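Participant: Taken in order, these protein sequences are the chains called A and B. For the first sequence, my numbering assigns the number 613 to the initial residue and increments by one for each residue that follows. For the second sequence, my numbering assigns the number 10 to the initial residue and increments by one for each residue that follows.
In short, the hints are calculated from the structure, not lab data. On a predicted model such as this, the values are computed, not experimentally measured, just so you know. Certain hints may be false.
[To be verified] Calculated lysine to aspartate or glutamate pairs in the EDC-like style (CA-CA distance at most 16 angstroms, straight line):
id : chain 1 : residue 1 : chain 2 : residue 2
1  : B       : Lys-55    : B       : Asp-92
2  : B       : Lys-55    : B       : Glu-93
3  : B       : Lys-55    : A       : Glu-711
4  : B       : Lys-115   : B       : Asp-95
5  : B       : Lys-115   : B       : Asp-92
6  : B       : Lys-55    : A       : Glu-658
7  : A       : Lys-713   : A       : Glu-645
8  : A       : Lys-655   : B       : Asp-95
9  : B       : Lys-55    : A       : Glu-701
10 : A       : Lys-677   : A       : Glu-701
11 : B       : Lys-55    : B       : Asp-102
12 : A       : Lys-655   : A       : Glu-701
Residue strings, one per chain:
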Amino acid sequence: EVQLVESGGGLVQPGGSLRLSCAASGFTFSSYEMNWVRQAPGKGLEWLSYIRTSGIPIYYADSVKGRFTISRDNAKNSLYLQMNSLRAEDTALYYCAREAKQWLVAGAFDYWGQGTLVTVSS
Amino acid sequence: QSVVTQPPSASGTPGQRVTISCSGSSSNIGSNTVNWYQQLPGTAPKLLIYNINQRPSGVPDRFSGSKSGTSASLAISGLQSEDEADYYCAAWDDSLNGYVFGTGTKVTVL
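Bound-form chain B, shown alone (with noise of 0.2 angstroms):
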């Protein structure tokens, strides 16, 4: 079981906007950068987000994500089908000395 739990589902109709939290602790996302990957089905992880809110190159400017404390969220704006996929947060974990991924949240466009 991840340290870092993400709600499992999340849905919205085209358009919408999504947004998906990811919690964690003070030894991981309290202390650390906060990154977050999308993989489409059948398809190796994509990096979507870096560094909090940064986004690398080609990734639309639909995506963006924040932190909070102990929390990190990522939005997905003007919802399209092909944002149909599963989302995973993870940071660094001072404690574990490891990486930690969230639990996950796949997104449905209804």
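Here chain A stands alone, though its shape is the one from the complex (with noise of 0.2 angstroms):
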């Protein structure tokens, strides 16, 4: 069974900082390519980042690019979100995505972990 979980969200000061991690079971984590995604509170979903399977490229909304960095490990089965100079707009639920690669389609995500909160407030 595929499984994302992610993990590392709590209560963050403004211009601080978080890591956050998503760990994939239940499939070979180092044939796909991985995404984040996140919500804020009554809002709409909003992409972030994207990796390829190798690492290289990767791309970033401008929303969070210089301040975010997205990163993977394949030994080890995980995507991580390395987020710095947090602001209060930052506060959402943070979701780690597969694409799918059966179809050959961009944009297809069709796994998703549960989430973890963010919460950026002094």
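With the hints as a guide, bring both chains together as one complex.
Facilitator: Here's what the structure looks like:
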């Protein structure tokens, strides 16, 4: 069974940092492109970042470029999101999502984690 | 603010057909495929439609997708109470070099 489990969320002060993790199981993690997506309370989905199987290329949304860093450790079946210079507007539920590869279609996120909540507040 | 817009809400009675629009531009929907997601209350999003009009295994054929130019649509025929959810379209944007989600549409079953 495919599972994605996010962790690392919590309360952080503005300007602070957090590192989110996404533990993958039930599939060959190294063969799949991965993404981070967030959802602010009561708001819609916002795509944040993409990473290819090998770690390159990487793409970011303008809203987090220069502050967030996506990475992966295929040996540990894990995806990460290092978040620096956090702002109140970064408060959201953060999801990791697997990009389906069987259909050769960009952006088809076929599995999602349950999310980890990040709250940025003083 | 997303560059892909959807109506904030749509509604229908059980059995009716509901259509949700997704309006983008030449850099996203106009030149790339579209995927749709369903988010039931309190849960993670679920892939509903991929590659404009394809349904993953397990998705009822009541759900269908289409695309024309810089717009896409999701149709739900034979609306059921369990279809009450938020729906999002998404596509790659060549100008932004990233994915964009639509603003989302809340479907209510009256």
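Participant: With reference to the structure, classify each hint as holding or not holding.
Facilitator: Outcome of the hint check:
1. B:Lys-55 / B:Asp-92: OK: Lys-55 (chain B) and Asp-92 (chain B) at ~12 angstroms, within 16 angstroms.
2. B:Lys-55 / B:Glu-93: holds, 14 angstroms
3. B:Lys-55 / A:Glu-711: Distance ~12 angstroms between Lys-55 (chain B) and Glu-711 (chain A) Cα, so the pair holds.
4. B:Lys-115 / B:Asp-95: Distance ~4 angstroms between Lys-115 (chain B) and Asp-95 (chain B) Cα, so the pair holds.
5. B:Lys-115 / B:Asp-92: Between Lys-115 (chain B) and Asp-92 (chain B) the Cα gap is close to 10 angstroms, so the pair holds against 16 angstroms.
6. B:Lys-55 / A:Glu-658: At roughly 15 angstroms apart (the allowed maximum being 16 angstroms), Glu-658 (chain A) and Lys-55 (chain B) satisfy the hint.
7. A:Lys-713 / A:Glu-645: holds, 8 angstroms
8. A:Lys-655 / B:Asp-95: Between Lys-655 (chain A) and Asp-95 (chain B) the Cα gap is close to 11 angstroms, so the pair holds against 16 angstroms.
9. B:Lys-55 / A:Glu-701: violated, 25 angstroms
10. A:Lys-677 / A:Glu-701: Cα-Cα ~14 angstroms, so holds.
11. B:Lys-55 / B:Asp-102: violated, 21 angstroms
12. A:Lys-655 / A:Glu-701: This hinted pair holds, its Cα atoms lying about 12 angstroms apart.
The structure fails hints 9 and 11 (numbered hints given earlier, in ascending order).
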